[in-house]
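Participant: What follows is the residue order along each chain.
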Amino acid sequence: MLLAGGQGSRLYTLTDKTAKPAVPFGGKYRIIDFPMSNCVNSGIYTVGVLTQYQPLVLNEYIGNGQPWDLDRSQSGATVLPPYQGKSGADWYKGTANAIYQNLDFIRRYDPDYVLVLSGDHIYKMDYSKMLKAHKEKNADCTIAVLNVPLAEASRFGIMNTEGDDYRITAFEEKPKEPKSTLASMGIYIFSRKVLEDYLIADEADPESSKDFGKNIIPKMLADGCRMIAYPFKGYWKDVGTIQSLWEANMDLLDENSELDLADRNWRIYSRNYANPPHFTGSFAKISNSLITEGCHIEGIVENSILSSGVRVARGAYIKDSVILSNVTVGEGATVNYSIVDSDTSIGAGCVVGRTKSSGEQITVIGSELVLQPGKDIPGGAMVNQEWLDEHNL
Amino acid sequence: MAASGIIFSNIHDNNIPELTRFRTMASVPFGCRYRFIDFTLSNMVNSNIYNINVITHYNYQSLMDHIGSGKDWDLARRSGGIKILPPYITAYANNVNTLYQTRLEALKSVNYSISRITDEYVVMSDCDVICNVDFNDIIKYHIDTGADMTIAVKTLDLTPEQAKINVLFESDPEGRITDVLSYPTQFRGKADIGLNIVVMKTEYLQQIVLDSIAHNYVSLTRDVIARNMHHMNYRVYKYDGYFASISSFADYYAHSMELLTNPEARDALFNVKNRPIYTKVRNSVPAHYSSTSDTKDSLIADGCEIEGTVINSILFRGVKIGRNATVKNCILMQDTIVGDGAFLNCVITDKNAVVRDNRMLAGAETQPFYITKGKMI
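Protein sequence lines correspond, in order, to chains V and L.
Letter by letter, the first sequence follows residues 3 to 395 in the working numbering.
Letter by letter, the second sequence follows residues 10 to 386 in the working numbering.
Simulated from the structure, these hints should not be mistaken for lab results.
Cβ coordinates follow ideal geometry from the N, Cα and C atoms, glycine included.
Mixed in with the good hints, there may be bad ones.
Claimed, not checked - Some, not all, of what chain L presents toward chain V, calculated at C-beta under 8 Å:
hint, residue
1, Cys41
2, Arg42
3, Tyr213
4, Gln215
5, Glu273
6, Ala277
7, Phe279
8, Ile286
9, Ala296
10, Tyr298
11, Ser299
12, Ser302
13, Thr304
14, Asp306
15, Ile309
16, Ala310
Could you put the whole structure together from the sequences, leaning on the hints where they help?
Facilitator: Below is the structure:
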């Protein structure tokens with residue numbers, strides 16, 4: 003069960019029109035490609051995707067699950083939006099409530115175990131190994147954890163464990179003085195019966211905020227359920243903020259990064275749009291960058307990631323930036339330390355953002371905007387149509 | 010206006026024996042990430058032709074591997090979709106078990122499948138016609154003119170060398186075919202060459218095939234078109250868009266390089282609204298350019314890793330260029346690896362070729378140096 007209904011408000015204008023899991027990443031992916039591909043690569047072929055916020059792009063992207071081989075006659079991918087039932091209609095009020103409302107979906111497949119995922123992270127993980135650990139340790143619930151530096155531990159939900167089998171003794175959400183460095187990754191495996199019982203009980207509790215982290219997990223711990231932490235090693239990044247999304251993109255350019263998308267044994271699948279190969283012109287100069295299909299580069303691209311169909315005119319200069327699909331960058335324009343959302347046109351001679359070394363924040367340009375030639379967008383600006391109107395640009 | 014498609018996958022194999030040794034003409038790689046047949050298949054799908062028969066001959070494993078279920082062209086369908094027709098050899102009548110040589114013989118060999126086509130029209134095409142064309146335009150012209158058969162042609166100024174490898178059609182001002190010249194020697198000047206795209210009613214094709222079996226006809230041009238053109242309404246459809254067909258290895262090289270030097274050709278093939286060219290999806294990562302790379306005037310596919318210099322070249326998916334390596338005027342097919350410090354000029358490498366560190370290899374525009382599939386140099 004993939005929780006993909008989140009708004010991702012800290013991504014500002016990038017999630018104005020799309021849900022966070024549908025935010026593009028790494029040139030030709032969307033965030034949701036990672037959990038979806040992980041599922042398929044782990045041998046999980048029944049995936050319910052719970053959507054709520056701005057689902058148009060996300061629903062269209064998932065379709066019948068074809069990009070991940072999830073278009074199956076039995077099971078496959080199913081999009082699960084909130085629905086109107088006999089007793090009324092309701093939005094998903096929390097992560098636990100979202101799964102509760104879809105218990106009928108789970109029952110149809112009658113599984114022994116349920117994997118609950120979120121669509122906010124970039125990582126490659128074999129869930130089948132986690133499931134094996136869950137079975138071996140006879141757990142009621144297994145929670146994937148990552149060993150984080152002690153200094154950062156207070157930003158996460160921290161699991162205190164004991165013994166070699168990582169039995170969880172306590173869970174603290176963003177503790178001021180963390181007693182452990184094992185941070186929850188928001189990936190849970192439940193034995194199905196236990197999950198069902200707790201979801202039904204939680205739903206009946208009017209005090210509950212219907213959330214896994216806040217309600218279900220603490221309640222199960224208090225009741226003495228067998229809760230096991232599953233330590234994960236490898237690349238894992240929450241891309242919930244502009245800064246972390248930019249960093250995760252840049253990690254792809256780092257030769258020493260643990261995140262290897264080219265590994266043919268653990269492929270990350272994405273929807274393909276039949277773009278032609280990209281073309282580099284006579285005046286192109288590309289270094290330390292990722293460029294994908296449909297691009298046309300005549301300018302200078304340094305340390306950047308370009309999605310499909312981006313056109314960079316002669317004399318344009320792009321540095322330390324993430325440019326999403328079908329953006330055009332006009333002649334002589336400069337884009338520095340920015341994220342530019344899809345279908346936006348940057349006029350000739352525009353200056354977008356400031357250099358990374360200037361100490362200014364990342365500049366974000368929303369989708370489908372037109373920047374007239376010669377305009378100057380300051381560092382750290384979050385540009386959408388209202389911003390342009392306000393600043394008379 | 011429902012139409013079915015028939016594609017001949019092996020016709021012209023001997024034009025470029027280097028590239029067809031391990032594969033059909035249809036599966037020859039072209040244009041950075043495509044195979045020849047992708048153009049015809051995409052043209053058919055983009056023209057709402059969803060019932061396609063691909064006639065094969067030999068060496069068709071690579072073609073089957075490429076097409077798979079047909080999903081990547083939206084041709085994995087409950088009704089219709091793509092069907093590969095390998096040679097049909099019976100266990101008993103071994104005196105007729107010779108493989109076909111011509112299009113008409115190919116059609117005769119799949120007579121049963123042709124007899125089962127229910128769409129009203131049929132579009133027949135070779136696999137090596139590189140263009141982005143709307144077949145509906147040809148079908149509409151065919152219906153409007155009341156033709157029995159319509160053959161797409163392109164007007165070109167021919168040298169004797171070019172004329173020798175083409176079928177030329179002469180027609181009256183209304184477009185009715187008056188004469189047909191197969192592979193004429195010593196012809197020079199303006200002429201309409203056949204593009205090997207033919208439209209007719211399915212019923213008429215079925216009739217031609219049965220008639221050809223009865224009379225033991227072997228050539229569509231000689232035994233059907235030339236024999237009937239004066240009493241049947243056979244017409245030419247003049248196509249004036251971008252078109253390339255490959256008649257030799259040098260030609261393959263020239264047409265590939267044209268994609269780099271001629272932006273109009275690139276746009277006419279790849280950037281036509283609502284008519285994308287589809288190919289097998291490989292889920293490659295975006296191309297990675299290192300800080301030591303320098304790439305100019307080149308077409309690069311996804312999955313490439315470039316650390317060296319690439320000039321005026323075509324890199325297929327998954328090609329790796331080592332540090333300080335220089336690649337000029339080259340076509341490097343899928344997963345080719347060029348080692349550090351190597352120098353390549355006018356080289357075509359087939360899939361999975363490896364050029365070791367510091368090797369220097371060069372061919373010429375008219376005779377590119379070719380490295381076969383999987384070879385290490």
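Participant: Compare the structure with each hint and give your call.
Facilitator: Results for each hint:
1. Cys41: 4 Å, holds
2. Arg42: 5 Å, holds
3. Tyr213: 34 Å, violated
4. Gln215: 34 Å, violated
5. Glu273: Cβ of Glu273/L sits 13 Å from chain V, so the hint is violated.
6. Ala277: 12 Å, violated
7. Phe279: Holds, about 4 Å.
8. Ile286: Holds. Min distance 7 Å.
9. Ala296: Since chain V brings a Cβ to about 5 Å from Ala296/L, closer than 8 Å, the hint holds.
10. Tyr298: The hint holds - Tyr298/L has a Cβ within 8 Å of chain V, the shortest such distance being about 4 Å.
11. Ser299: The hint holds - Ser299/L has a Cβ within 8 Å of chain V, the shortest such distance being about 6 Å.
12. Ser302: Cβ of Ser302/L sits 6 Å from chain V, so the hint holds.
13. Thr304: 5 Å, holds
14. Asp306: 5 Å, holds
15. Ile309: Holds. Min distance 6 Å.
16. Ala310: Hint holds; Ala310/L Cβ to chain V Cβ min 5 Å, cut 8 Å.
Of the numbered hints given earlier, the model fails hints 3, 4, 5 and 6; all others are met.
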